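Use these hints to put chains B and C onto chain A, whose structure you have.
Residue numbers (numbering that gives the first Met the number 0), protein chains in the order written: chain A, 0 to 296; chain B, 0 to 328; chain C, 0 to 407.
It is worth saying that the hints were derived from the structure and are not from the lab.
None of the values given here were measured: they were computed from a predicted structure.
Heads up, some of the hints might be wrong.
[Unchecked claim] Each computed EDC-like pair below joins lysine to aspartate or glutamate, with the alpha-carbon atoms no more than 16 Å apart:
1) C:138 / B:142
2) C:126 / B:156
3) C:290 / C:303
[Unchecked claim] Residues from chain C shown here face chain A by an in silico Cβ test under 10 Å; the list is partial:
4) 38
5) 44
6) 225
7) 265
8) 267
Cβ coordinates follow ideal geometry from the N, Cα and C atoms, glycine included.
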Amino acid sequence: MHLVLQDLANGILAGGILAVVALGFSLVWGIMNIINLAHGAFVMLGAYLTYQLFASLHVDPFLSLPVSFVVMFAAGYLLQRYLINWVVRAPILTTFLLTFGLSLLFVNIALIVWTGDQRGVTTAYAGANFTIVGVTIPWVKLYTLLVALVITGVMHLWLTRSKTGRAIRATSMDIGAAQLSGVRVASIYAIVYGLGAGLAGVAGSLISMSYAINPNMGEPFLIKAFVVCVLGGLGSVQGALVGGLVYGIVEAFATQLDFTIGTQHISGSGLQDAIALAVLLIVLIVRPTGIMGKATA
Amino acid sequence: MVAPLKRIGLGGITGSPVAIGVALALMALLLLVPLGHNGYIEIVFRNILMYAAMAYGWNLIGGYTGYVSFGQVAFFGIGAYCSAVLSAHNVDNLFADVALACVVTALFAVLVGLPVLRLKGHYFAIATLGIGLALSDIVANLDVLGASSGLAVHHVDEAHFYVYYYAMWLVALGAMLATYFIARSKLGFAFVAIRENEEAAAVLGIDATRYKIIAWAISAMMAGSAGAVFAPANGFLDPSIAFSADSNIFPIVMGILGGVGTVAGPFIGALILAGANELLQKYFIKIHTLFFGAMIVLVVLLLSRGLVWLFGLKGGARTWLKSLTAYKA
Amino acid sequence: MKLRPTAALGILALSATLAAPSVPVSAAGDTILFGSPVSLTGSLTKEGHLTQEGYELWKNYVNAHGGLKVGGKTYKVDIKYYDDESKNDTSAQLAERLIDQDHVNFLLGPYGSGTSFTVAQIAERKKIPMVEGNGAAEKIFNQGFKYTFGVLSPAKRYLEGILQMAKAQKPAAQTVAITAASDAFSQEVAQGAAAWANANGMKVVYNNKYPDTATDVSSIISALKQTNPDIILNAGHLQDALLVQKGLKEQNVIAKGYGYSVGPDTPDFASSLGKDANDVFGGAQWSDAVKYKGAPGFIRSAPEYAKAIDAAYHHRADYHNAESTAACLAFQYAIERAGSLDPEKVRDALAKLDVTTFYGIIKFDSRGINLYKPMVVNQIQNGRLTTVWPAFTADGKPIYPAPPWGKR
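Only chain A is shown next, with the shape it has when bound in the complex:
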């Protein structure tokens, strides 16, 4: 029973990080119809940012979150405004490949700047944990989950209440009508892409506390972001959160699958990625709009 509760806790905590990674990705995909393959690279850059601040200036990683957001937002905004914008309304193939090429660029630039060495951000309080009803919960992961919840809440409020937020939602629903109402689409797109990058940066900063930092670190998270987005529903802020948590829990329990048939070891944890993709395929076929998605997504 202990193990079940512990797995649940592990899953929720892991899901929190995945939710933050998926959030930016989902917004860009849902609103701009772009599958941003460079998202993983943005996560990685956010992680390196936190690492540099920690290693050179001893800034606590949690304090670096706003810095990460602002820097990556600016980078994303400029990238969209002056580069991606040229083909932003092109068919999926074009934007897919463009963001793939950009991803290669960023990863290799990071490789030149920081080399392939694995880095880590280990604070004095890393690993500190507390135990409740037999379940051990690391503080850092708990804070990460709280940050994820806060970000999700703030984003939701901003998208529904603020003027820019409403303009964004209008653009995603009907671009022509939005333009007629005076929305400057190019700006909106740049803001959304910037948001995506900024959120990715924040995710990277959070990840940097548990995970080894290297130029290629973004990719596994990107793949999981796909699954989480589709699972939760594209373009939906709550969807990213719910999708992330559900996925985290599924992965945690799948890990306990551990038996042998003859000489073939069936390991749920070894098959993690296949299970993730099975979940993705099932959701796509049974309910493509995801758990919280809208029918028009």
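Structure of chains B and C alone, referenced to chain A:
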């Protein structure tokens, strides 16, 4: 404001005939490569032919039918493992390899296609991406297929190694010719109709599901055949090689570079991209991936309709310049 | 502007460049040319660079000390590198390029088991000897290859030393939990450790794997914690080693010893984890404390070698450096003893080689792998890597059992 051009593959259903002529001429030239007795050059061109075959496969389902697939590598990998399994049972015959690969990949395409081809656009793309990744993972866990350590595949000795080159040449030629004849047949018409407007096509009496599956099965066989010849030529197979991201992405970039939805495009794109990659490897040992990424970005921004389109272009450079802003926000 | 003819010409021109061979660096004359595909980019970048450093150090030393004497003539050595991007089939293709285009005399291995395997195929087919120091999977050597030699101990040995040491402590360790990444090398390491444990009266209470790119291993750690092992072993790479060690602390897993196949020996492990890295064991092919006395012709002791690496590359010598240099040394002694650059003669000389170097004994069994050099066990003690096993090479005693978290 220039209206966004939705159609791809301008220049008729097969693309510019001049381009086809050039492609066939180059294919004929490629027959001479093994005569140079340089194993490395042979590999370079053999890879070009392999990627070209896969690009043709992708072109059929993505270019002609409009269902952009990011999972063709799954079929390549299946074809490769077919050869490896046959080899483990001491069957080392290229015809058998390709035949088995075709059967298995076609079956797999039909089985998976039934549910997956019901998805549209982005969702289809993501689903296919997922299939490729999932297969890689599953094979890595299957001891009977060598798991992560992989399988060795028997191959002929150095003196007869050119066999694999010519086999791959035949596969690539087959893919090119198949594309040509399919494009001009009722199948090709159906594919394009589905791409342009699937509902209207249904109204015209075209059974979209049937034709989509046919397109996918044929494209699967092209990729699978390439994989089947690749496995013995490489001598060794493991999930990272069989389902590599390169094998997935390269054919797509080549298809785009050359010209989506044309007959000459995939081959020409393969030549150019591979050539560029070689040059980058030679002159920029440490940062060639960086330049490769930059190249992809430039290709996408400047040549999103492909080179073959340039062949058939009326109005020359000016039309091309205007086309650059077609997709701006 | 007519685009058609221009485009056609462009395509033809590009195809022509593909067929043009690169100007071969002179392999004749008085330079022996080695070729090596190494991972300068991709997931194995760090290790690829360490490999290259090992090769370069050897090359520079030999050239500065009069070169190699082969059959009465003196030769300089040179090494040509290509980046295999950490991809297995790219490595093989580059090996062919090195042989067919650049006309190298011999091959030095890439980094990693997967790449070493594919390059070994090429070496075999082209009949060009290859010596590698960074591909420990035994599978490579079970194929009947005659042209590939590995100077390192096979994968299955990596964690054996830790178990041996743990069993020799008082009270002896009895239970083992093993976690492994799913790549070929890590799986062999894990299987070797499990096999040794089972054959020597220790019980394997947990044995599971995870994908190399796992983003979270907490559930494996939770399950492992339940089995209360004495020793926790991890067979993986630096990235997941960090994840696992952090995870163990986060979930308060207390074991008597923690051992990693890759990790503690890399400076990044200690620098990333700080105090949490203390008292962790690592299996290593070599450490700068081993006390071998090498044959003349090269640096003869481990501490001197470490100094040379530090002077050239400003970091502590890593066993990846040493084993790469050892691969070069195998060629050096084999070529000199063969008295010729003929591939067949050098291959035969390699097969018969039996020489002690700063790295340990270099001798190959009939399959081509070096079974004669023991693995060492290092432990991070107060932030410093100390060799603790086997006793004859140790410069410190093992700290066992490990103190609880927070008190290291």
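Which of the numbered hints above does this structure break? none
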